[in-house]
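K.L.:
Given next are the chains, with one letter for each unit.
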Amino acid sequence: MGREGEVVAELLPEFERTHPAIRVKLQQLPWTAAHEKLLTAFAGDSTPDLCQLGNTWIPELVALNALEPLDRYAAASSIVDAGDYFAGIWDTNRVAGQLYGVPWYVDTRLLFYRRDLLARAGFSAPPRSWSEWKGMLAAVAKEARADQYGILLPLNESEPLLALALQQDEPLLREDGRWGNFSGAGFRRALGFYLEMFQHGWAPALGTAAISNVWNEFGRGRFAFYVSGPWNIGEFQRRLPAGQQDSWMTAPLPGPDGPGASIAGGSSLVVFRASRHQAAAWRLIEFLSQPAVQRRFHALTGDLPPRRTTWTDPQLATDVYARAFREQLERVKPTPKVPEWERIATEMRLVSERAVHGQLSLEQATHELDARADRILEKRRWLLARRGAG
Amino acid sequence: MRRAGAAWCFVAPALLVIAVFFFLPVVAALALSFTDFDIYALADSRNLRLVGLRNYVQLLQTPLFWQAFGNTLYFVVVGVPLSITVSFGTALLLHSRLVRFQAFFRTALFAPVVTTLVAVAVIWRYLFNPHYGLLNYALGRIGISPIDWLGDPHWAMPAIIVLAVWKNFGYNMIILLAGLQSIPEQLYEAARIDGASMWRQFRHVTLPMLAPIVAMVNILTIAGYFQLFAEPYVMTQGGPLQSTVSVLYFMYEEGFKWWNLGSASAVAFVLFLFIFCVTALQLRLARWQSAA
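Top to bottom, those sequences are chains A and B.
Mapping of the first sequence onto this note's numbering: position 348 corresponds to residue 348, and the numbering continues sequentially without gaps.
Mapping of the second sequence onto this note's numbering: position 183 corresponds to residue 183, and the numbering continues sequentially without gaps.
This is chain A alone, in the form it adopts within the complex (with noise of 0.2 Å):
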């Protein structure tokens, strides 16, 4: 899909010569369009073999029961070694106690920020818990010139605040996924600081459509801190000038006392049920899943390995960028694992940005969200009533 697979074209003529009896036959999807073509392609029983799938995806084709589980495969294998994965990514790819995926590069958010203007406020080092955050975040604000801000958190992202949330202790639904849980304490105190930086005028309640272009308006001082995923290091790295290379670093998330957690996100390789070349299609995971080819397939894509031996490659272990998301990793968290996930998540950032506009206060936009949650996970509840009654 996307980017990848592109690349993934490039190393398959290497698998082809080590593994004379397979053929592969790529198919390459846009990102946009690869979630509805992959559930025609369920409804129409032509679904592939192997595929690379967002891992929050995972859970919604577990519930169509399109893909095989991996245990036995990952059980018997000398390449996949489920330890050397870092914890939470491997999680993700776990539904109800059985293994579906196997993470193929991972994606998180954590913090990009401007050294020099934090130094202008007097800062040497990032923020590690959200006070120091908030003084930094006062502090620049003091400093800035009219139209700047301490941080853009753009409103159609959902990604920020979800990963504000998931630092708390509280799961995001209660009860095997029946019910939304938030207007419990951690997401109200999760929520509660995430307005609190608008309403301080840290944040500007503005979208990324507003701002045109990001990485120009970062580099200009806009925004101090900005909360993104991996693919920014090579556009920062592409779009600010080289003089201005040495002004901007990456920090690992701030959690609420000490360094935080963030969100478990990346694409794993699944294999279907339906397919009638499963052991072949796992040998391609395998392959895949080398820390040698996972090198090259990061030296071709960028794309941040999901195994803790590929991170001793010298290339990634010296890249100052990708330090902090070394670190992030040992902390990531994954989504609740419902098929429905996704669309309570939009819920989420439309509720939220209501709560940003004043139309909602904390209280009422955390009753809200549990009322929408409660009604999409309505078909959940009966299905698993049924399932207990049968």
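Calculated directly from the structure, the hints in this document are not laboratory data.
It cannot be assumed that every hint is accurate.
To be verified - Here are some of the chain B residues that sit facing chain A, going by a computed Cβ distance under 8 Å:
1. ASP36
2. TYR40
3. TRP258
4. TRP259
Stated by the list, open to error - Simulated crosslink set (DSS-like; lysine-lysine; CA at most 30 Å straight-line):
5. B:LYS167 - A:LYS134
6. B:LYS257 - A:LYS379
7. A:LYS379 - A:LYS37
8. B:LYS257 - A:LYS25
9. A:LYS25 - A:LYS37
10. B:LYS167 - B:LYS257
Said to hold, decoys possible - Beyond 12 Å from chain B on every Cβ pair, some chain A residues (computed):
11. GLU4
12. VAL7
13. GLU10
14. PHE15
15. GLU16
16. SER78
17. ASN213
18. GLN237
19. PRO259
20. GLN290
21. GLU330
22. ARG375
Every residue, glycine too, gets a C-beta built ideally from N, C-alpha and C.
Dock chain B against the given chain A, drawing on the hints supplied.
P.N.:
Same frame as chain A, but now just chain B:
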């Protein structure tokens, strides 16, 4: 009787195609709208529940649907008259003998209709940019402070309307221009001999002769504008604060993003009923007008 049989034979292929590719899907969608078809039902048909009118009842209780409906109505009520006025104005200009290089202008003004919306959207996003956008620059020149076109919930829909009108007016312009050109010259000649001013020629020759075409353009444009989708899809994704979510956009998300095909079908039928009523009303109005 033989003649009727022959006639049926001639239309049968067309009827068959319409039945298979139009009526059947519509009936299937109607049936779907009484179920809770979703990805669970896709996995196993035993997970499908017949829910009667629940999709419709819930839909009418969903605030976002009403917001989408309001947004769409806003778009139609402001956008359609604006679009037709601009089309009419440009058609009159192009028809007038005062304008030179008519062929060039005709092509230039029609060009937005045939350009790809996605490409156009990139350019318009820059035009609408609050900091470097040409639009705010022009407004700044006459002393109006910058407007956050796509970021401010109050201005996003006007911005979409401006884009849609610019994108679509050329189509109606060509139809109206063709209408203008088909008005016999003798009528104007006769009017001039009777001493009618330019305005009275327009009022008593051009307008009545053009009335059927204007009525048709009206109906097509209103039905088309109710189906607003691509503009918000490429410009704002329904934001900010869902101020540019249209009924069709709402349906798209419900059906193809969340895979709730049952309730998405219900949205489709509610929109269909509404457009149907509006069009029927317009037809009646047009008939009443031509009778008067």
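K.L.:
List, from low to high, the hint numbers that the structure doesn't satisfy.
P.N.:
Numbers 5, 17 and 22, in rising order.
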